[in-house]
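A.B. asks: Sequence:
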Amino acid sequence: MNTALTVKCPTCQNPVAWNADSPYRPFCSQRCKLIDLGEWAQERYTVAAAEEEPLSEWENKAV
Numbered sequence: 001m002n003t004a005l006t007v008k009c010p011t012c013q014n015p016v017a018w019n020a021d022s023p024y025r026p027f028c029s030q031r032c033k034l035i036d037l038g039e040w041a042q043e044r045y046t047v048a049a050a051e052e053e054p055l056s057e058w059e060n061k062a063v
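Last residue of the sequence shown: 63 in the UniProt record's numbering, with the numbers rising by one and none dropped.
Keep in mind that the hints were calculated from the coordinates and are not lab data.
Among the hints, a few may not be true.
Stated by the list, open to error - Computed list of lysine to any residue pairs in SDA-like fashion (alpha-carbon distance at most 20 Å, straight line):
{"no.": "1", "residue 1": "Lys-8", "residue 2": "Trp-18"}
{"no.": "2", "residue 1": "Lys-33", "residue 2": "Ser-22"}
{"no.": "3", "residue 1": "Lys-33", "residue 2": "Cys-12"}
{"no.": "4", "residue 1": "Lys-8", "residue 2": "Arg-31"}
{"no.": "5", "residue 1": "Lys-8", "residue 2": "Asp-21"}
{"no.": "6", "residue 1": "Lys-33", "residue 2": "Pro-10"}
{"no.": "7", "residue 1": "Lys-33", "residue 2": "Pro-54"}
{"no.": "8", "residue 1": "Lys-8", "residue 2": "Pro-26"}
{"no.": "9", "residue 1": "Lys-8", "residue 2": "Ala-20"}
{"no.": "10", "residue 1": "Lys-8", "residue 2": "Gln-30"}
{"no.": "11", "residue 1": "Lys-8", "residue 2": "Cys-32"}
{"no.": "12", "residue 1": "Lys-8", "residue 2": "Asn-19"}
{"no.": "13", "residue 1": "Lys-33", "residue 2": "Arg-44"}
{"no.": "14", "residue 1": "Lys-33", "residue 2": "Val-47"}
{"no.": "15", "residue 1": "Lys-8", "residue 2": "Leu-34"}
{"no.": "16", "residue 1": "Lys-33", "residue 2": "Thr-6"}
{"no.": "17", "residue 1": "Lys-33", "residue 2": "Ala-49"}
{"no.": "18", "residue 1": "Lys-33", "residue 2": "Thr-46"}
{"no.": "19", "residue 1": "Lys-33", "residue 2": "Ala-17"}
{"no.": "20", "residue 1": "Lys-33", "residue 2": "Pro-15"}
{"no.": "21", "residue 1": "Lys-33", "residue 2": "Asn-14"}
{"no.": "22", "residue 1": "Lys-8", "residue 2": "Leu-37"}
{"no.": "23", "residue 1": "Lys-33", "residue 2": "Gln-13"}
Using the sequences provided together with the hints, build the complete structure.
C.D. replies: Right under this line is the structure:
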């Protein structure tokens with residue numbers, strides 16, 4: 001029985017062994033890792049966040 005965990009590279013979808021021998025995991029290569037980093041740097045990826053409520057008058061004075 002093969003219990004090795006394999007995941008898909010988020011960039012190219014190639015299989016990646018999830019172990020210490022995979023230095024770029026979850027990516028399959030440094031190239032895919034850098035492509036992903038570039039997407040974040042160009043703000044093509046974002047993390048959703050709840051909208052903040054406006055500050056009260058008291059909080060505005062404190063800032």
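A.B. asks: Next step is simple, just say for each hint if it's right about the structure.
C.D. replies: Hint check:
{"no.": "1", "hint": "Lys-8 <-> Trp-18", "in the structure": "10 Å, holds"}
{"no.": "2", "hint": "Lys-33 <-> Ser-22", "in the structure": "12 Å, holds"}
{"no.": "3", "hint": "Lys-33 <-> Cys-12", "in the structure": "10 Å, holds"}
{"no.": "4", "hint": "Lys-8 <-> Arg-31", "in the structure": "15 Å, holds"}
{"no.": "5", "hint": "Lys-8 <-> Asp-21", "in the structure": "16 Å, holds"}
{"no.": "6", "hint": "Lys-33 <-> Pro-10", "in the structure": "9 Å, holds"}
{"no.": "7", "hint": "Lys-33 <-> Pro-54", "in the structure": "37 Å, violated"}
{"no.": "8", "hint": "Lys-8 <-> Pro-26", "in the structure": "7 Å, holds"}
{"no.": "9", "hint": "Lys-8 <-> Ala-20", "in the structure": "16 Å, holds"}
{"no.": "10", "hint": "Lys-8 <-> Gln-30", "in the structure": "15 Å, holds"}
{"no.": "11", "hint": "Lys-8 <-> Cys-32", "in the structure": "12 Å, holds"}
{"no.": "12", "hint": "Lys-8 <-> Asn-19", "in the structure": "13 Å, holds"}
{"no.": "13", "hint": "Lys-33 <-> Arg-44", "in the structure": "15 Å, holds"}
{"no.": "14", "hint": "Lys-33 <-> Val-47", "in the structure": "18 Å, holds"}
{"no.": "15", "hint": "Lys-8 <-> Leu-34", "in the structure": "16 Å, holds"}
{"no.": "16", "hint": "Lys-33 <-> Thr-6", "in the structure": "17 Å, holds"}
{"no.": "17", "hint": "Lys-33 <-> Ala-49", "in the structure": "24 Å, violated"}
{"no.": "18", "hint": "Lys-33 <-> Thr-46", "in the structure": "17 Å, holds"}
{"no.": "19", "hint": "Lys-33 <-> Ala-17", "in the structure": "15 Å, holds"}
{"no.": "20", "hint": "Lys-33 <-> Pro-15", "in the structure": "14 Å, holds"}
{"no.": "21", "hint": "Lys-33 <-> Asn-14", "in the structure": "13 Å, holds"}
{"no.": "22", "hint": "Lys-8 <-> Leu-37", "in the structure": "17 Å, holds"}
{"no.": "23", "hint": "Lys-33 <-> Gln-13", "in the structure": "12 Å, holds"}
Checked against the numbered hints given earlier, this structure breaks hints 7, 17; the rest are met.
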